[in-house]
Amino acid sequence: NAGVTQTPKFRVLKTGQSMTLLCAQDMNHEYMYWYRQDPGMGLRLIHYSVGEGTTAKGEVPDGYNVSRLKKQNFLLGLESAAPSQTSVYFCASSYMGEAFFGQGTRLTVV
Amino acid sequence: GQSLEQPSEVTAVEGAIVQINCTYQTSGFYGLSWYQQHDGGAPTFLSYNALDGLEETGRFSSFLSRSDSYGYLLLQELQMKDSASYFCAVRGGGATNKLIFGTGTLLAVQP
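Sequence order for the protein chains is U and Y. Using our numbering, read the first sequence as starting at 1 and increasing by one per residue. Using our numbering, read the second sequence as starting at 1 and increasing by one per residue.
Treat the hints with care, since some could be wrong.
[Stated by the list, open to error] Examples of chain Y residues toward chain U, derived with CB under 7 Å:
| no. | residue |
| --- | --- |
| 1 | 28 |
| 2 | 29 |
| 3 | 31 |
| 4 | 33 |
| 5 | 48 |
| 6 | 97 |
| 7 | 99 |
| 8 | 101 |
| 9 | 103 |
| 10 | 104 |
| 11 | 108 |
| 12 | 111 |
[Unchecked claim] If you only want the chain Y side, here are some residues facing chain U, beta carbon under 10 Å, derived:
| no. | residue |
| --- | --- |
| 13 | 7 |
| 14 | 8 |
| 15 | 11 |
| 16 | 32 |
| 17 | 42 |
| 18 | 53 |
| 19 | 60 |
| 20 | 79 |
| 21 | 83 |
| 22 | 84 |
| 23 | 85 |
| 24 | 98 |
| 25 | 100 |
| 26 | 102 |
For the record, the hints were derived by calculation from the structure and aren't laboratory data. Here a beta-carbon is modelled for each residue, glycine too, at the ideal position from N, C-alpha and C.
Can you build the whole structure from these sequences, using the hints too?
Written as structure tokens, this is what we have:
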């Protein structure tokens, strides 16, 4: 019973490089979310999805894109990484009021 | 839009009771939930209130007043392991079902 799995767990990128973060859940949840967490800033919603094939912008979507081609997977892309995108990224899936989080991806952009 | 306010830090002693408040503003409301996050870890779910009143889960209880746009998390019989950040989160935004988090309350439990 894996729950929510994020890959990779750590990554260092150079400015301008691109990458994709993968989130996979095995709970058949409709709702999935991507957050970033910076010191003292809590969790800020980047993008989210209410079902397969749908995505929507959250609070801080600029510089990120997402796709949800399959219900169990939610991908977060950075097309041209910037130092301001250095953060810890969390994926979550939810049913009703309970959200389940992955273990996070620590991304550093140099 | 949606916004939540909670105290940034709270300190309490082992065995005591502590209450962490959360006020929110949202267009459309489905419920208020609470999460715990230890340093370096992922948030974990504690409690959810969709209706007014008190929900109790072991040492933790959560309260919601929709008319006041207010809720709180009550932690009883505090233990050292309860030292962590606590986040309230509101599910709202009309049909969009956004899940928006507050900035968190850092709880320090002292011996």
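Status of the hints after comparison with the structure:
no.: 1; hint: 28; result: violated, 14 Å
no.: 2; hint: 29; result: violated, 12 Å
no.: 3; hint: 31; result: holds, 5 Å
no.: 4; hint: 33; result: holds, 5 Å
no.: 5; hint: 48; result: holds, 3 Å
no.: 6; hint: 97; result: holds, 6 Å
no.: 7; hint: 99; result: holds, 6 Å
no.: 8; hint: 101; result: holds, 4 Å
no.: 9; hint: 103; result: holds, 4 Å
no.: 10; hint: 104; result: holds, 5 Å
no.: 11; hint: 108; result: violated, 15 Å
no.: 12; hint: 111; result: violated, 26 Å
no.: 13; hint: 7; result: violated, 13 Å
no.: 14; hint: 8; result: holds, 8 Å
no.: 15; hint: 11; result: violated, 17 Å
no.: 16; hint: 32; result: holds, 8 Å
no.: 17; hint: 42; result: holds, 4 Å
no.: 18; hint: 53; result: violated, 14 Å
no.: 19; hint: 60; result: violated, 14 Å
no.: 20; hint: 79; result: violated, 22 Å
no.: 21; hint: 83; result: violated, 17 Å
no.: 22; hint: 84; result: violated, 14 Å
no.: 23; hint: 85; result: holds, 9 Å
no.: 24; hint: 98; result: holds, 6 Å
no.: 25; hint: 100; result: holds, 6 Å
no.: 26; hint: 102; result: holds, 6 Å
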